[in-house]
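Q: Residue numbers (full-length UniProt numbering), protein chains in the order written: chain P, 1 to 390; chain L, 1 to 399.
Some hints could be false.
Here are the simulated lysine-lysine pairs, BS3-like style, with alpha carbons at most 30 Å apart [what the hints assert, rightly or not]:
no., chain 1, residue 1, chain 2, residue 2
1, P, Lys350, P, Lys244
2, P, Lys58, L, Lys125
3, P, Lys58, L, Lys314
4, L, Lys125, P, Lys142
5, P, Lys350, P, Lys219
6, P, Lys58, L, Lys373
If you're looking for bench data, these hints aren't it; they were derived computationally from the structure.
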Amino acid sequence: MGSCEAGLFTEIDKLRAELVNNVEVMPGCQRDEEEITYREILSRIENVILGIVTSLSKDENPVLALPNRSSWANVSFDSAIGLQMNSGSSVTSIRSDSPSSVRKFAQILKIFLVIYKLVQSNSYATKRDIYYNNTQLFGSQKTVDSIVDDISCMLKVPRRSLHVMATSKGLISGDLCYLEEDGTRVDCRSGSAAVAVSSNIGGIRNIVSSAKFVMIVEKDATFQRLLDDDFCEKLSPCIIITGKGVPDVNSRLMVRKLWDTLHIPIFALVDADPHGIEIMCIYKYGSVAMSFEAHNLTVPSVMWLGLLPSDLQRLRVPEDALIPLTKRDENKLSSLLKRPYLTSQPDWQKEMELMQQTQVKAEIQSLAAIAPDFLTNIYLPNKLRYGGWV
Amino acid sequence: MEALQPVLTDLKESMFPCMWPSPQPDPEELCAFTDLYGSLRLLLSFQMKDERFNSTELCARIEAFLDTFSLANAKINIHLKFKLNQQTFQRDLRVKIKSTVVLANQPSRILDVTCSTQPPECVKKGCWCQGGHPVIGGMVPLSIPPKAMDQGLFGELSIQPVTLLSPCVLQYPNLATQLTHIKISFANFIISPSTFFQNLPAHLDCQELGLHGLHCSSFKDHVHSSGMVYTVEQEPCKDPEQESSLLPMQQSLRLYLFLQHSDPFNCHLSDLMATEVLIEHYLEDILNNNRQSVTKALQTELQNTLKAQNRRKKDQEKLRSAAEVILSSSISVVSCSSNVDFRTACLNSMKVRDTHDLSASLRESLRRVTSWKFTPRDRCHSAQMEEHPESDDATRREI
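Generate the whole structure from the sequences, applying the supplied hints.
A: Structure, rendered in structure tokens:
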């Protein structure tokens, strides 16, 4: 089978036409990002500092109000955008006069200062740099990561506009070339090796690709398997990308960027288990934690290519390759079914209800029980050829 | 005191020729009586003919006794009038703030928990606790030394400590505190100079308590009644700059020891009084005979008190180190900014001229708002409680 076989992309091309007609494109969000100038960012930080000084001038305890990024009550669902933060969301108050919260207050102020200087000097630092500059204050990398996102949400400025970069964990491969901000040319067409997702997605330009589709792969193991099996050659032209599990912001931004630039179908290849479905939902609808930046991160047009629970029955995957659902899986599945975005996805609901009924899950690797090369040579090509996505 | 014994014996015999303790009156009946006729009054008046006694010293001793009595019987208002030649000494002992202490196997006691420490100037009206919150310790059984038994002291003896930290700063959780003095006294006895208490610092584990040392300083104060007073040795301050701006609130700990004796064969008032005399006489022996258990009880109470102080110290350190970062970050942003409006607004807010003064001013303000953070507590005796200075139940742990 080769990519030039007639009819392989017929369904995909149809889907693409449909998507381009139906899905609203939002160029405004791009403009929004450009409109937040460095001067505005500095001004927003200065307002926070002035607030602290004003409180102290009145002999009042300074308090920082951080939008609550972990509460479902603070997000609402829009089918065109995904999960987005409500305008009047609840806040968490960080007090400077409480021993339990004063350290966090200090950590936030420190990062404000770092960001202020980065933006002012037009230089960049990674979150790792920030952590290692003051490990005693921050305690862990996770603290820095969380506070940077809190500040991004508080100031309503994307993290990359704060000049704080994150080392990407995602990988990409396939029919794609682009230029990084510093002029470096990136070619993802090497069949056997993948390219790390850029840490400066906003700076990417001159994207060139004739890919018919993008496939998001949940796990690194599956991604590597596809690389080893020359998937991108066999199903050329295409792009595959992985966030290695729960995707980081850069991987999500990259998927979004590909959609905005190429307007081609985006498919998800995840394990047939609640965790995999949740990861797919993050790409498609976003997460509660990053809902304040949903416009830039979500791709509502993502389609579920596989592994579907109905595939397990249809393909008669051997029983010993199937795993019973744990209590945790059941709870996760029930929680997913209650999410606001599932109501607009009846086919996804059906698949998840089937999983609830059969009480089994399976990894993509379970297809190897049918045949070693089943995934790359049979399953995926047939799925793509015959429109086996939901 | 021993010299007064014959006088007291005469007094007792003339007042109570044949008396036995009567059952306690029913509180409801008592209330009904006092509602109609007012508070019960007891007038005890006696005239000394024997001029051997130093009247001034006698007056001081009576006053000291009444002070001790009043501390643990705070509901009783006492009026002392002492006439010598043509001169009269008068004093009213009325307790402003009281607290009920429920002791094991004893009737409840009403303690005087009034604190005389004046609040600092920065404290707003109605935001200072004028009393204390007694903390009841565990009861410690005592063995009666053979010497005392030979003299007729039998039955069961026990001691129960009650601590009172003063002034109360529970409403100021961020305020650093420093224990400077510990006063130990018996609630129902006046302690004569006692080797047990003089040697107590040597038997306490100061290291475990986190103290540099305890020094005994015998001290008689007519206001506070006699007792053993210890000075707590303080840790030398590492940062002289810090010393001036972050002076901790000095506190003193009052440790009351309630001694309880019970003997089912003692039912006459005269027996009870004789027992009291015996206990007082052999108090030193009783304490020495139970040195380990009494010292351990005192160590426990001190440890509990100091635990709270140490916690405050750790919190202070957290606040202080975080404050440095908060201030340095804020000042850096102001200093780096090219936004004139922003800089001017910051300087004008704090009414300073430059960022150097701004730094000092912000530091002082932050220190003030965090150290004096006020968290009102219903249990504290703030100004509005003055009209109703009634007791509230003591808690097991209230520091």
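Q: All hints, please: hold or fail.
A: Hint-by-hint comparison with the structure:
At roughly 27 Å between alpha-carbon atoms, Lys350 of chain P and Lys244 of chain P fall within 30 Å of each other, so this suggested pair holds. For the hint pairing Lys58 of chain P with Lys125 of chain L, the CA-to-CA distance comes to about 18 Å; that is within 30 Å, so the pair holds. Distance restraint check for Lys58 of chain P and Lys314 of chain L: the Cα-Cα separation of roughly 27 Å lies within the 30 Å cut-off, and the hinted pair is therefore satisfied. Our distance criterion of 30 Å between C-alpha atoms is broken by Lys125 of chain L and Lys142 of chain P, whose separation comes to about 45 Å.
At roughly 24 Å between alpha-carbon atoms, Lys350 of chain P and Lys219 of chain P fall within 30 Å of each other, so this suggested pair holds. As the CA atoms of Lys58 of chain P and Lys373 of chain L are separated by approximately 14 Å, the hinted pair is consistent with the 30 Å bound.
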